[in-house]
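Peer 1: Protein chains in written order, with the working numbering: chain Y, 411 to 618; chain X, 563 to 1261; chain G, 609 to 708.
Think of the hints as simulated: they come from the structure by calculation, not from any bench.
Quantities reported herein were computed from a predicted structural model and do not represent experimental measurements.
Glycine included, C-beta positions come from ideal geometry on N, C-alpha and C.
Hints may contain errors.
Stated by the list, open to error - Stretch-level coverage of chain X by chain Y, calculated; a stretch enters the list once three of its residues show a Cβ under 8 angstroms from a Cβ in chain Y:
hint, region
1, 784 to 795
2, 826 to 832
3, 1013 to 1024
4, 1054 to 1061
The primary structure of each chain is shown beneath.
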Amino acid sequence: MSEPELAHAGLNLGPSAELTRDGAENAIFGFWIFLMSDAVIFALLFATYGTMVAGTAGGPTPASEFKLLPAFVETLLLLTSSATFGRASIAMKYAEPRRTLFGWLGATLGLGLTFLALEANDYATMVAHGAVPSRSGFLSAFYALTGLHGLHVAVACFWLVVMVGQVLAYGLDARVKINLLRLGLFWHLLDIVWIAIFSVVYLQGAIR
Amino acid sequence: MSPSTPVLPALLGRFGWHDLPFVRAWQNPTASEIIGAFAGGLVVVGAIAVAAVLTRHRWWGRLWSEWLTSLDHKKIGIMYVVLAGVMLSRALIEAVLMRMQQAVAIDAPGFLSPDHFGQLFSTHGSIMIFFMAMPFLTGLINYVVPLQIGARDMAFPWANSVALWLTIGGAGLMMASLVVGEFSTGGWSGYPPYTERDFSPGVGVDYWIWAVTLGSIGSTMAGINIACTIYKLRAPGLRFMRMQMFCWTSLCTAILMIFAMPPLTVATLLLALDRYADFHFFTNDLGGNMMNYANLFWLFGHPEVYILILPAFGVYSEVVSTFSSKDLYGYVSLVLATMAIAVLSFTVWVHHFFTMGQSANINAVFGIATMTIGVPTGVKIYDWIWTMFRGEVRFTVPMLYSIAFMMTFVLGGFTGIILAMPPLDYLVHNTLFLVAHFHNMLIPGLLYGMLAGYHYWFPKAFGFRLDERWGRRAFTCWVVGFYLAFFPLYVLGASGMARRTQAIFEPSFRPWLYVAGVGAFILLAALASLMIQLYVSIRDRAATMVEAGDPWDGRGLEWSVAAPPPEYNFAGLPHVDGRNPFYDDKHDAGRPDPYRSPTDYSDIEVPRGSMAGIAIGLGAAVAAFGLVWEMWWLTLVAAEVVVAALILRSFGRNQHRTIPAAEIAAEHEAWLARVRATRPIPRRLETQAINRGLAEVRA
Amino acid sequence: MNDRRQELTSYAIGYTLSLALTVAAFAAVRWPSVGARATFGVVLVLGVIQMAVQFRCFLHVSLKRSSRHDLQLILFSTLIIALMVSGTLVILFNLRERMM
């Protein structure tokens, strides 16, 4: 507590003495560190993808597999979900009616699940014509990278459901608020990782 | 091992009777199998014996509520160190077995089969790095750092417990591999394609993958926790440039853990995908590239070296300064050197695979970067020497380790410079020269440091000092044993003897291997001396009590509280205005009395115990065990336990306990009264019974 | 409710900018006007700008004095990630060139 004036990026709660005492700062800062550690994992999967994208072993290639339209729609879904989560956190901060908060969280969840459904559909299409991960190094790297991102989105959706349960059980007490903030950071960061995915994976693959 | 027929595939996955070492030894009673069965039996008997002792003394309840579920950083730290001690014993015995095998297997088969030998060097390395060194240093940091920065606990006490139990879970998998199945023969680095299913179809590599992955995740969590603690929980006035050196090295180690453990997690999980789901990351065919693995592994592996060494540097800084009764020389240069080492450690990983086939220019860049690290390390050595210069040096056990470290580590550093030159590296790559080099770095640079820290802080943690005489005996054995066991390996390596060799066909190696074998036995004697020392110290503890808490005339805040410290560490949070707050208060006239009462007492919140940490750590280990044996149902059930524990914990409220101010006041005032009744002693008497933990102040 | 309006505006700006940058990146690939390498360069630059926009508008990371710890953390992480990714790509591409 050497610098009590310190406010964290993402620690977006407004003045609240109760929260400071409960170590909201530490909680958020610690979560930022975790996110950066997670970002290293993604970065290494990107690097691995970069080194393996040429390893198609005579099988499907990026150009033959990646379609721009589904990738574009998925991007819009995730971007919009990031914005709706932002709206939900404003609803939390300014103590708007519970209905509003749940409405925006619900919208976020819906967008996240739709994203997952579309991604699953992409996978199914690829698998249907033989583009499975065991086919080549390129496909292994593709499935590991996008799959890990999808897994993160799925975890975030599950976490969101748990948080709704906590709001119902405890209202917006200090810990619920902190955890919603953390989930928000997580969600925004997944969108940022997706920017890298659509740029490096889908768009690079579709460049002719 | 030949694949054995599964017994009950639906329930037990790929387990067959042949997977039990006892059955193997019965069917094929060779020395190698009997040793394996004996080791497995030792694990089982040891576990039963511990359980029996606990039951007989009715200690289960206390163990559970006061230790296993505790969130107190001090107890978690101690449990880490206990884990490190247990695993050190196993891995050291394995080392002795390997040395014996190499000493007798000269133009002869020896007593260990090649497969068994392979398992031994793999477990020895994996345990020493992930389950001896990492828990030891994490435990010391856990115990000491909150006390040094004037905090009541870590930033995330619960996550601390989860990290501990994940590490214990990983270590548990290592132990399980002795009793059920086998371990990897792929070395501690587990290079594919050898560790792919095509070449290692058994359960060994899977044990390795999941044990290391659990340890890696646990270390990442520990790193986040330590960094956040040092960033956020420092006492009022404790600016960064006033922190103790051990806090600085802990901070840098934590940052390295945060960024260097993820590459390991990625490497092991991608290898798992290759093995379980037929991916092609590191295979020979279909576009895989095994050098991707080497690259990922050493992106972790090199910073890991500094994760191991930096905390020891911190310990030496504390020890040298305390036992010379002098300020640390060149504090700022030590801080800068630590930071420089931390950042540079991310720029040198290629020197672990100079021979991969990349261009000479790339090798040159990484060779030069490697040599650069020698500069900040050299700065540190000079700083420690200057700290001792004209100081009141006392050759206590921690100081002996520090001095042995300085000389031995510099020799190891020289051979490191040799290895950093790619053309020379090509010559000794994969030989015993390398083995000698990294043991020459890690034994003084990690083990001596951890042992020095163990001797130094033990009185703080338990309230009595360790036996000095057995400490010196252990020290002598560690040093003599090290030189005898590893210097011959330089000669052997330079003569071309490959590492990890089960049988030798060059008779001229014989004398060197004999000397190394003798050295290994002396190292075993060192471990035995440590155990005897612990026993003797506990037996004679009445004569070495240091309840006043300051046996060495210490400098940092950790020495300003009772030994052992109360659960809440500080009755009133200290205010810090310099680098040696406690020492200055003791020795400088005109400063406040360090043993004064705080202006007022207030209630203190401490975390209640939680069994979620244990559930998550052991649940993850059981899930991993299911993955190893392809018992999918077990994995599913255990994974659900983990998720349920997480969710239940997040729904929990009322997770703190308040200690009332009156209770704190009573306890603290009673301690102060006992301090006033204690006789202060001069430094020359500090290893004698008269030392009750209060330092004499020169008039 | 002035703060609230300001924050809503921040999210709206972030959303609009991100949308525009996304559309620009996809359009650059869908209707290429420069060579393949240049197009990929454009996509990468647009992606990095969009990341910066989202860090600023969604995650509220700023250059203000009050959030220096986060900024330091993010910049240090960026340094390490850059070292790891660029090192990996340089080394393994070099290896491939020499093996092929």
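Peer 1: If a hint holds in the structure, say so; if it does not, say that too.
Peer 2: Checked hints:
no. : hint         : in the structure
1   : 784 to 795   : holds (count 8)
2   : 826 to 832   : holds (count 3)
3   : 1013 to 1024 : violated (count 0)
4   : 1054 to 1061 : violated (count 0)
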